[in-house]
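Visitor: Keeping their order, the protein sequence lines are chains A and B.
Everything in the first sequence is counted per the numbering used here, starting at 1 for the first residue and increasing by one.
Everything in the second sequence is counted per the numbering used here, starting at 1 for the first residue and increasing by one.
FYI, nobody ran anything at the bench for these hints, they're computed from the structure.
Just so you know, even glycine gets a beta-carbon here, dropped at the ideal spot from N, CA and C.
One or more hints might be untrue.
Claimed, not checked - Short derived list, chain B residues pointing at chain A, Cβ under 7 Å: (1) 187; (2) 191; (3) 194; (4) 198; (5) 236.
Claimed, not checked - Simulated restraints on C-beta separations: (6) A:82 <-> B:103: 50 to 60 Å; (7) A:92 <-> B:149: 57 to 67 Å; (8) B:82 <-> A:48: 21 to 31 Å; (9) B:74 <-> A:85: 57 to 67 Å; (10) B:183 <-> A:31: 51 to 61 Å; (11) A:128 <-> B:74: 46 to 56 Å; (12) A:70 <-> B:218: 53 to 63 Å; (13) A:118 <-> B:38: 16 to 26 Å.
Claimed, not checked - Okay, derived cross-link-like pairs now, PhoX-like style, lysine-lysine, Cα gap no bigger than 25 Å in a straight line: (14) A:104 <-> B:189; (15) A:117 <-> B:246; (16) B:189 <-> B:246; (17) B:149 <-> B:100; (18) A:57 <-> B:234; (19) A:131 <-> B:100; (20) B:129 <-> B:149; (21) B:100 <-> B:189.
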Amino acid sequence: MKFSSATAFLAAMTLSGAAMAEEVTPTAVMYDEGSVSASLTGVPGDPANGRMIVGSKKFGNCIACHEVTDLKDQPFHGEIGPTLDGAGDRWSAAELRGIVSNAKLMFEGTMMPAFYKTEGFVRPGNAYTGKAADDTFGPILSAQQIEDVVAYLATLKE
Amino acid sequence: MKNRSLKVIGGVAASLMLVVTSLSAEPVDDTLTVNEEMTLVTRTAAPAHLSDIMDEVISGWHFRGTETRAMQADDFDNPGMIFVEAGEDSWNTAEGSEGKSCADCHGDAADSMKGVRATYPKFSEAAGKVITVENQVNDCRENRMGAEKWKYAGGDMVNMTALIASVSRGMPVNVAIDGPAKETWELGKELYYTRTGQLELSCANCHEDNYGNMIRADHLSQGQINGFPVYRLKNTKLNSVHARFKGCVRDTRAETYSPGSPEFVALELYVASRGNGLSVEGPSVRN
C-alpha cells in the first residue's frame, strides 16, 4: 500500500513541520453554496504567481477557455467561458476560491474543470499520458497555487 | 463562394494568405470541390437522431484555414494521397501462406471498395458484432491470406484505409444505427456524453456545445469523422479515427481506451452516425 504510507509520511511531515501552516486537503474543503471562505493554506496568495498559473499551459491554462485582457502578452485566449476581466468586482475572494477549487458547485454542470479535487472522476489519468492515474495522482493545482490564482483574480477589476 | 478561386492562386500566394488570415470563430462559408470536378457535401441537415440537438452537421474542413482547405481541394496538393498510393501497392502485393493479395479476391479497389467507407462500422453476421474497416482488413489478412494482422492504427493499416476511403469520396456517410447495430450505437452514444478524466470533459462538451469556439489556439469543429483518415500538418502523417479519439480522451487527463477496443469501435459507429449525410472525404487535410 504505497499510497497510504505516502499519505502517512506526508501527514507526519505536515505535523512536524512547525513552519508549515495547516493545509486543507482537497477532500476536506468546506464549501458553502459553492464558496470557500477559509484560506486553503493560511498563507496569503501571490498574485504574480497566480498570473503565471492562469496563463501557463503547464499550470492552470485558464486562458484555454477564458479571455483575460491583462494577459494579452500571451497568444490565443479561448472563448469557452466568460472573460475574466472584472472577475474581482463580480466575485468575493471566497466565491473565487470556490470557483477555482471546484466550479461545479457554483455552476451546475459547468464545463470548467475542478482544480482542487481528487475524487469522483471517470477513468482518471496520469496527467496527459493517457495512462491510468497512479500513486502520484493529486489535484491539478496545489493549495497554495489555488490561493495565488484567487489573489490574482481579485486584482482583475474593471 | 468567395474562396473558390483560391485553388488557382499559386502556393506562395496561398501561404502568404495564411499569415494574414485571422482566427475566425465561425465555420468558413466555402465549397469543397476536389480536382475541379467533385463537389462534396460538407454541410447538411443533421440526421434525424440529432434533430433535437442541432440543425446542421458540418465537416471539419470548414473549421480549417484557407491554405489547409485548399490543399484538400487538389489531389496533387493533398499529402494524404501519397499514402493512398502506398495503400494501393499493398493492395496488389501477395502476402501470407495463401500467396494472395487483396486484388486477387477483390479486383480493382476503385470498383469493389466503392461505398465501403460510407457504411462502416457495421454489423457483421459472420463476426456477430459491429466491425470497422480495420477489423475487416485484418480478418481478410488473417483468414483469407494467412498473413499477420496489421497493428490497428499502424502505418500499413492507415494507408489501406486511406485507399478504401478515397474510392468512396463524395458518397454520403450512411451508417446503420438500428437493428443489430443498435446496442453498439447506444454504447457509443453513452461514451460520447461521458465526462472523462480529471478535466471531466466529454466529446459533447467540446464538439457539440462549443464547435466554432476557440479552445486556446484550436478552433473547435464538430469532431466529425467523414474525413478520416486525416493528414495532419501538425504531425505530418495520416491519422486514424481511433488515434484521434485516443488523443482527445488523453487531453481530458483520462486513461484512454486502446485503438481497436470495443469502446472505440462503438464510439466510432456513434460519431460516424452524427455525420450521416456528409460526404466521405478521406484522406482529408487538417492542421
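Visitor: Hints first: check each against the structure and report whether it holds.
Guide: Here is how each hint holds up against the structure:
{"no.": "1", "hint": "187", "verdict": "violated, 15 Å"}
{"no.": "2", "hint": "191", "verdict": "violated, 10 Å"}
{"no.": "3", "hint": "194", "verdict": "holds, 6 Å"}
{"no.": "4", "hint": "198", "verdict": "holds, 5 Å"}
{"no.": "5", "hint": "236", "verdict": "violated, 21 Å"}
{"no.": "6", "hint": "A:82 <-> B:103: 50 to 60 Å", "verdict": "holds, 58 Å"}
{"no.": "7", "hint": "A:92 <-> B:149: 57 to 67 Å", "verdict": "holds, 60 Å"}
{"no.": "8", "hint": "B:82 <-> A:48: 21 to 31 Å", "verdict": "violated, 50 Å"}
{"no.": "9", "hint": "B:74 <-> A:85: 57 to 67 Å", "verdict": "violated, 44 Å"}
{"no.": "10", "hint": "B:183 <-> A:31: 51 to 61 Å", "verdict": "violated, 40 Å"}
{"no.": "11", "hint": "A:128 <-> B:74: 46 to 56 Å", "verdict": "violated, 36 Å"}
{"no.": "12", "hint": "A:70 <-> B:218: 53 to 63 Å", "verdict": "violated, 23 Å"}
{"no.": "13", "hint": "A:118 <-> B:38: 16 to 26 Å", "verdict": "violated, 52 Å"}
{"no.": "14", "hint": "A:104 <-> B:189", "verdict": "holds, 23 Å"}
{"no.": "15", "hint": "A:117 <-> B:246", "verdict": "holds, 24 Å"}
{"no.": "16", "hint": "B:189 <-> B:246", "verdict": "holds, 16 Å"}
{"no.": "17", "hint": "B:149 <-> B:100", "verdict": "holds, 14 Å"}
{"no.": "18", "hint": "A:57 <-> B:234", "verdict": "holds, 18 Å"}
{"no.": "19", "hint": "A:131 <-> B:100", "verdict": "violated, 39 Å"}
{"no.": "20", "hint": "B:129 <-> B:149", "verdict": "holds, 19 Å"}
{"no.": "21", "hint": "B:100 <-> B:189", "verdict": "violated, 39 Å"}
Violated hints, listed in ascending order, are 1, 2, 5, 8, 9, 10, 11, 12, 13, 19 and 21; each of the other numbered hints is respected by the structure.
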